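Student: Residue numbering for the sequence shown follows UniProt numbering, starting at 1 and increasing by one per position.
Just so you know, the hints here were simulated from the structure itself, not pulled from any lab data.
It should be emphasised that the depicted structure is a prediction, and the values quoted were computed from it without experimental measurement.
Be careful, since some hints might not be right.
Straight-line C-alpha distance at most 16 angstroms; calculated EDC-like pairs for lysine to aspartate or glutamate [stated by the list, open to error]: (1) Lys375 <-> Asp343; (2) Lys91 <-> Glu203; (3) Lys455 <-> Glu466; (4) Lys372 <-> Glu415; (5) Lys167 <-> Asp197; (6) Lys184 <-> Asp170; (7) Lys84 <-> Glu171; (8) Lys474 <-> Asp490; (9) Lys521 <-> Asp496; (10) Lys493 <-> Glu466; (11) Lys161 <-> Asp206; (12) Lys375 <-> Asp417; (13) Lys142 <-> Glu128; (14) Lys517 <-> Glu544.
The following label-pair restraints were derived from C-beta to C-beta distances [stated by the list, open to error]: (15) Arg178 <-> Pro512: 55 to 61 angstroms; (16) Ala131 <-> Ala195: 52 to 58 angstroms; (17) Arg83 <-> Asp132: 38 to 44 angstroms; (18) Arg481 <-> Ser409: 48 to 54 angstroms; (19) Arg83 <-> Arg473: 47 to 53 angstroms; (20) Lys184 <-> Glu527: 52 to 58 angstroms; (21) Lys184 <-> Ala29: 35 to 41 angstroms; (22) Ala88 <-> Glu424: 53 to 59 angstroms; (23) Lys181 <-> Arg481: 45 to 51 angstroms; (24) Ser301 <-> Glu424: 29 to 35 angstroms; (25) Gly465 <-> Gly330: 40 to 46 angstroms; (26) Asp127 <-> Ala489: 43 to 49 angstroms; (27) Pro553 <-> Asp515: 28 to 34 angstroms.
Yeah, the Cβ is synthetic: ideal placement off N, Cα and C, and Gly gets one too.
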Amino acid sequence: MTDVANWIASGRKALELSPTQLAEKLDVAESDVRAWEAGEQTPTVVQLKALQGLIGAPGSAPSPKAKPPKPDKSDGRDINFERKLFQAADKLRKNMDAAEYKHVVLGLVFLKYISDAFEEVHEALQDEPYADPEDRDEYRAKNAFWVPPDARWSYLQANAKRPTIGKLIDEAMFSIERDNKSLKGVLPKQYNRPALDKHTLGELVDLIGTIGLGGARNRSRDILGRVYEYFLGEFASAEGKKGGQFYTPRSVVRTLVEMLAPYSADGRGGRVYDPCCGSGGMFVQSEEFIEEHGGSRRDISVYGQESNPTTWRLAKMNLAIRGIDANLGGAHADTFHNDLHPDLKADYVISNPPFNSSDWGADRLDGDARWKYGKPPANNANYAWIQHFVHHLAPNGMAGFVMANGSMSTQTSGEGDIRQSLVERDMVDCMVALPGQLFYSTQIPVCLWFLANNKADKNFRERRGEVLFIDARKMGAMISRTQRELTDADIQKIADTYHAWRGDQTLAPAEPYEDIKGYCKSATVEEIAEHNYVLTPGRYVGIEEVDVSDEEPFEEKMERLTDILAGQFEEAVRLEERIRENLRGVGYGI
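With the sequences and hints as input, model every part of the structure.
Tutor: Shown next, in the form of structure tokens:
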């Protein structure tokens, strides 16, 4: 056994870690750890640095402080590291507004990612004959970002304690944008402003420097990607209503993606489109779904658009960290008035548009080709969004999106007529009522719409003239005083119900679909017409059946309750007399 192998094995054992646990901490395969300890393989430079940070330098005993925390099992996910990292970063925020601070932190997380990814390619090029690790073209050939020497994380961290660190980071951002056209105008460059304490900034650089990077095969799921996503959610929570403008809660995104299923085992992928993509969460979750089902991110093409300039930049960084090649246009733009993908026909539209927008410029869009089902009202953009989604669907395309609950039943300003047209033309596939308190931006409950351009698609069963209604209002668990989250089991149940109903050839559960009172109902278009084309699931699923086998007999219950009520009446008389007596005592008898 070599010295390196001994060092790794002894360090791991001193920290009471199994090979599997060490592999998880380093984001590598368990087989890599075992090969290192057997002397059959040597860690890369990046992996060696991560090992030193975890178990100490060779020849030194691991520091007790280096012992990694046990995974937090409270919610079934190992997010303890991300949580602790955010808590540490949040302490450094001090009095800075969360909306401003998120750009400081997320910009540094992105800079750490792009630098680590560069170093990985740089190291590989050193081992290739005739390759020049400092040649920009070598990185373009490998579809990797080029990072100039003064923008590399090692250089910035070495200067973290200097008062000029803000200026150095700004210069690094400018350098990266200059040498990578796809990032032009994307990165934050306000680190040298006087309001940002440079000592605190240096501490933040050191903190983010503790985040490691796994191998290239894990990059789309590496720890930096998880940190970026976790931080987005935490900042959205801190900003409250404003946070909802750039972030859709993960449980809602997962529900949409799991139901829409933008990929299946038979290789169906295609074009995925989100015309109000926020920070890109729909695309990230779609890519995760594809990989979980044995596919590759190359199986889909991603198209998006975002009107808010700062949110557009967040999305560009988020997708770059995940290795997702997305066409978000050259800049931010308003979807209604400057459609960046006018000719796109998407296989999957997945979105969370702004709710009930009243100022969307309807007067400038009279006669627009998108209003195939009717002119949307000027004071509410909900049905403008719905028709925009339909306009961009391919012949067999499907759409899944979030809407305010009012969209299911409103009859004002022609919205009811548009909804009726959608139902009569057999576009509506499924409606899901969600519980309240899922969003940072609103406490009101919302719903999910699913539209299908072709209900006779050979990949599913023939379901023309049918609509599935799911009432999920009782689902979810409170994760804070004001925030609810759909659990993994909730999401799986909703998705399985939809897949079973539509006869998905690859995702349907073993049990066939059946209506369940109080939860789901397959209704016909004729039934919907009887309800005046209202699409609220509660109208169709009925009342949940209750087991009354052990219920108290009616006569006994009434006798017991009337005895209680009689006692309360007597107590009321006694209290009334006492109040009258007290009033008489102070000269106000009645």
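Student: Does each hint hold? Answer for all of them.
Tutor: Hints and how they fare:
A C-alpha spacing of about 21 angstroms is found between Lys375 and Asp343, which places the hinted pair above 16 angstroms, so the restraint is violated. Using a Cα cut-off of 16 angstroms, the hinted pair Lys91 and Glu203 holds, with the two alpha carbons roughly 11 angstroms apart. Between Lys455 and Glu466, the direct Cα distance comes to roughly 9 angstroms. Compliance with the 16 angstroms bound is thereby established for this hinted pair. Between Lys372 and Glu415 the CA atoms are separated by roughly 13 angstroms; this keeps the pair inside 16 angstroms, and the hint holds.
Using a Cα cut-off of 16 angstroms, the hinted pair Lys167 and Asp197 holds, with the two alpha carbons roughly 12 angstroms apart. Distance restraint check for Lys184 and Asp170: the Cα-Cα separation of roughly 14 angstroms lies within the 16 angstroms cut-off, and the hinted pair is therefore satisfied. A hinted pair counts as satisfied when its Cα atoms are at most 16 angstroms apart, and Lys84 with Glu171 does not qualify at roughly 29 angstroms. A distance of roughly 10 angstroms separates the Cα atoms of Lys474 and Asp490; the hinted pair therefore holds under the 16 angstroms criterion.
Only pairs whose Cα atoms come within 16 angstroms are accepted, and Lys521 paired with Asp496 is accepted, the gap being roughly 14 angstroms. Restraint check: the Cα-Cα separation between Lys493 and Glu466 comes to about 20 angstroms, which exceeds 16 angstroms; the hinted pair is violated. At most 16 angstroms may separate the alpha-carbon atoms for a hinted pair to count; Lys161 and Asp206 meet this at roughly 9 angstroms. Restraint check for Lys375 and Asp417: satisfied, since their Cα atoms lie roughly 10 angstroms apart, inside the 16 angstroms limit.
Between Lys142 and Glu128, the direct Cα distance comes to roughly 13 angstroms. Compliance with the 16 angstroms bound is thereby established for this hinted pair. For the hint linking Lys517 to Glu544, the alpha-carbon distance of about 5 angstroms falls within 16 angstroms, and the restraint holds. Checking the proposed 55 to 61 angstroms range against Arg178 and Pro512 shows it holds: the Cβ atoms sit about 59 angstroms from each other. Judged by the Cβ atoms, the range 52 to 58 angstroms given for Ala131 and Ala195 is violated: they are separated by roughly 44 angstroms.
Restraint check, Arg83 to Asp132: a C-beta distance of roughly 42 angstroms satisfies the suggested window 38 to 44 angstroms. A hinted range of 48 to 54 angstroms is violated for the C-beta pair Arg481 and Ser409, which are about 30 angstroms apart. At roughly 29 angstroms, the beta carbons of Arg83 and Arg473 sit outside the given window of 47 to 53 angstroms. Taken as a hint, the range 52 to 58 angstroms holds for the pair Lys184 and Glu527, whose Cβ atoms sit roughly 54 angstroms apart.
Taking the beta carbon of each, Lys184 and Ala29 are about 36 angstroms apart, inside 35 to 41 angstroms as hinted. Roughly 56 angstroms separates the CB atoms of Ala88 and Glu424, a value that falls within the hinted 53 to 59 angstroms. The hinted window of 45 to 51 angstroms between Lys181 and Arg481 holds, with their beta carbons roughly 46 angstroms apart. For Ser301 and Glu424, the hinted distance range of 29 to 35 angstroms is satisfied, since their beta carbons lie about 32 angstroms from each other.
A C-beta distance of roughly 44 angstroms is found between Gly465 and Gly330, which places it inside the suggested range of 40 to 46 angstroms. The hinted range of 43 to 49 angstroms is satisfied by Asp127 and Ala489, whose Cβ atoms lie roughly 47 angstroms apart. Checked against the hint of 28 to 34 angstroms, the pair Pro553 and Asp515 passes, with Cβ atoms roughly 31 angstroms apart.
Going through the hint list in order, the structure does not satisfy hints 1, 7, 10, 16, 18, 19.
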